[in-house]
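Can you build the whole structure from these sequences, using the hints too?
Those protein sequence lines, which keep their order, are chains W and L. Count the first sequence with this note's numbering and you get residues 1 to 415, in order. Count the second sequence with this note's numbering and you get residues 1 to 415, in order.
Derived from the structure by calculation, the hints contain no laboratory data. Don't take every hint at face value.
Since copy identity is lost for identical chains, a pair holds within one copy or between any two.
Straight line, CA to CA, 20 Å or less: simulated DMTMM-like cross-link-like pairs of lysine to aspartate or glutamate [said to hold, decoys possible]:
1) K27 / E56
2) K281 / D342
3) K27 / D62
4) K122 / D142
5) K268 / D395
Residue strings, one per chain:
2 protein chains.
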Amino acid sequence: MALLVMKFGGTSVADIETIRNSALHVKREVDNGNHCAVVVSAMSGHTNQLVEWTREIAPLHDAREYDAVVSSGEQITAGLMALALQSMGVQARSWLGWQIPLETDDAHGAARIAGIDPAKIKPRMERGEVAVIAGFQGIGPDNRITTLGRGGSDTSAVALAAALRADRCDIYTDVDGIYTSDPRVVPKAHRLDRISYEEMLEMASLGAKVLQTRSVEMAMTQRVRLYVRSSFDAPDASGPNGENPGTLVCDEDEIVEQQVVSGIAYAKDEAKVTLVRVEDKPGIAARVFGPLADSGINVDMIVQNISEDGRTTDLTFTVQDSDLQKALDVLSAAKTDIVYEDIRGATDIVKVSVIGVGMRSHAGVAARMFNALAEKGINIQAISTSEIKISVLIDAAYAELAVRTLHTLFELDAN
Amino acid sequence: MALLVMKFGGTSVADIETIRNSALHVKREVDNGNHCAVVVSAMSGHTNQLVEWTREIAPLHDAREYDAVVSSGEQITAGLMALALQSMGVQARSWLGWQIPLETDDAHGAARIAGIDPAKIKPRMERGEVAVIAGFQGIGPDNRITTLGRGGSDTSAVALAAALRADRCDIYTDVDGIYTSDPRVVPKAHRLDRISYEEMLEMASLGAKVLQTRSVEMAMTQRVRLYVRSSFDAPDASGPNGENPGTLVCDEDEIVEQQVVSGIAYAKDEAKVTLVRVEDKPGIAARVFGPLADSGINVDMIVQNISEDGRTTDLTFTVQDSDLQKALDVLSAAKTDIVYEDIRGATDIVKVSVIGVGMRSHAGVAARMFNALAEKGINIQAISTSEIKISVLIDAAYAELAVRTLHTLFELDAN
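And the structure:
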């Protein structure tokens, strides 16, 4: 007997048939004697339609009303999931954010969870009733519906698992787990049985879009074990105690046989900005990056070339490609203050990252990585590192070659 | 300065464009210095889609979950209407049933309003903020969303107008008022400037589908003046104090020049049941109509022919055509108890009614009606009357002829 939170994403509740199939996964867990809370997203595509309506009717819309409209998607699937379970003989009841209550701050449209009171739902779960919870939504201090921002249903599920002290939070999605790399790019990529929170965080923020970064962070701090699996598996497929159909995201300590490198990620949504012949004098970095920060632009990698003439240097950094034009505008406006000859933007770059908690105890990963790329004639334009990650910026044309080369180098290829 | 409740039906909030147009009607009233509450239905067709989903997923569905799903339609339009108003510079805020609160009993799917607390919304309305209220929904004693049954948004609007002591409840729909008869059948039908509650009730229950019977009953008992008009009129068209663009449903006393007959209604959704050669003895009516009542079947008109042989008679009555098969089944099962030779059902009939509070003080309306029909060779199969209404059952083939004949007879034809 375990207490489980089961979360179903948009593609797993896309229509009546998929809702029914997802309900069979819940029924299996209930039949196995587990107490279950189910968190549902809106039907795939439904939230986009609702968001589009709010944009059409008022381009600068009031976030309170946006939340009232957009939260309706999860309300529908919560009711339908409860009905699907009931029709299978499973006791179930839907819960909206305000009914639980799942309290948030008043940052409508991107609210943060302030607290979840399990007093109403937990006793009912313990009597065998499945609590079906509308994800992505809560109630603010103004007694109005709030939403948690896109992808917020994962966060709802993890927060609920923490509040209920659940044994596990199962994230049902349209892929069967976390892979060593993107299988579309690396055919030899294989599913990981386990991955640590830290590694998952790097994977999520670097472009592996299975789990939202925010939900992984919360799982890590709240010590919620996440289990990622596919809702499109046969509902009678074994759980994590039998043949493993997914990936467990857990504490490092739970991973017995730790690889040096767990995965190779890549991100194509970065853009590069180069300031040519910037005056090379103290305080220049502040004059460049200050205005960018003030404009809400996150800068990722930074490279300052060695000054050739002793007076000027080239400064290169990366931003999200959606921020590129804004960054160019901000720096053009500040040209008289910064003093540079030219400014250039480019989007034909990719960031490739090698990730693994095992790096902490294994030296030489970076050297092996740089050598392997050099052997393939791939030029590294910038480097950034953390304790468990090494990222390089390269020409976008070499993205696939680089990812496959590193996947093989670090012995991740499936047999 | 008046306090107005404005209700917009499904076709008036069918998409972004119609919502915006409806919002312009609200803006006109606000600009005129009125304090407004707006009640909205779901987008036209949206509720049907939601109902269909609940049926697909569980044919015998839990009414609580049905309500959670189906109420989402009005939630969406309430938010969008608030956004539309805000974008026009009108202060507005959406309110769901549980936020007001609009309290109901726990009859999920067809709840009755128990009370509306105006304490939160009225002060805000008086400060110039439009309260946009999701129609059709409330909150039950179990802290769960309830719905009021189909057409419930009219009821929400009237109940709200009563709770707010509104000066008027404007019902915006896709027709511009109440007509003397169905204009599709009677090209000379004309719009009434005013109609009494009692007449409107007869019109509504007899097939003029502009207003829900229940909402008219509530308007009558709560003395809420209803004003029916089209949301598709230009928003700058005059209100009831200028050139009259709709129909006011009000107390008889407010109608100065009262016609003898106000309208001719017809209902095609009746079916006729005839029991042939029923034993003609005391108590037979109870043995026939008792089982029908027990099965929830409403019987409308009843005709018992004069017994020819002194022992048996033919008994004819009408039911809703959707109840016909059930009625036949119930009476077939009770055959040994009732004792009759044969049972026959027919749907090729229509009920035509002449309605007018003026009948109370004018004798001879029935005689003129029967004569006119006889002159056209139309056979009357059954008759029922009330103080302000005379209904006859005739062959469906004569429906249009009968309605037009009576419309002309009682001087309702437009010039």
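A quick look at each hint next to the structure:
For the identical chains of this complex, K27 and E56 are inter-copy neighbours only, at 19 Å across copies versus 41 Å inside a copy, given an alpha-carbon limit of 20 Å. With identical chains, the CA atoms of K281 and D342 are at most 20 Å apart within one copy only, with a shortest distance of 17 Å there and 108 Å across copies. Proximity of K27 and D62 under a CA criterion of 20 Å is satisfied inter-copy only: 18 Å between copies versus 40 Å inside one chain copy. For the homomeric pair K122 and D142, the shortest alpha-carbon distance between copies (17 Å) is at most 20 Å, but the shortest distance inside one copy (25 Å) is not.
Proximity of K268 to D395 under the C-alpha cut-off of 20 Å is restricted to the intra-copy arrangement: shortest distance 10 Å within a copy versus 74 Å between copies.
Comparing the model with each earlier hint shows no violations; every hint is respected.
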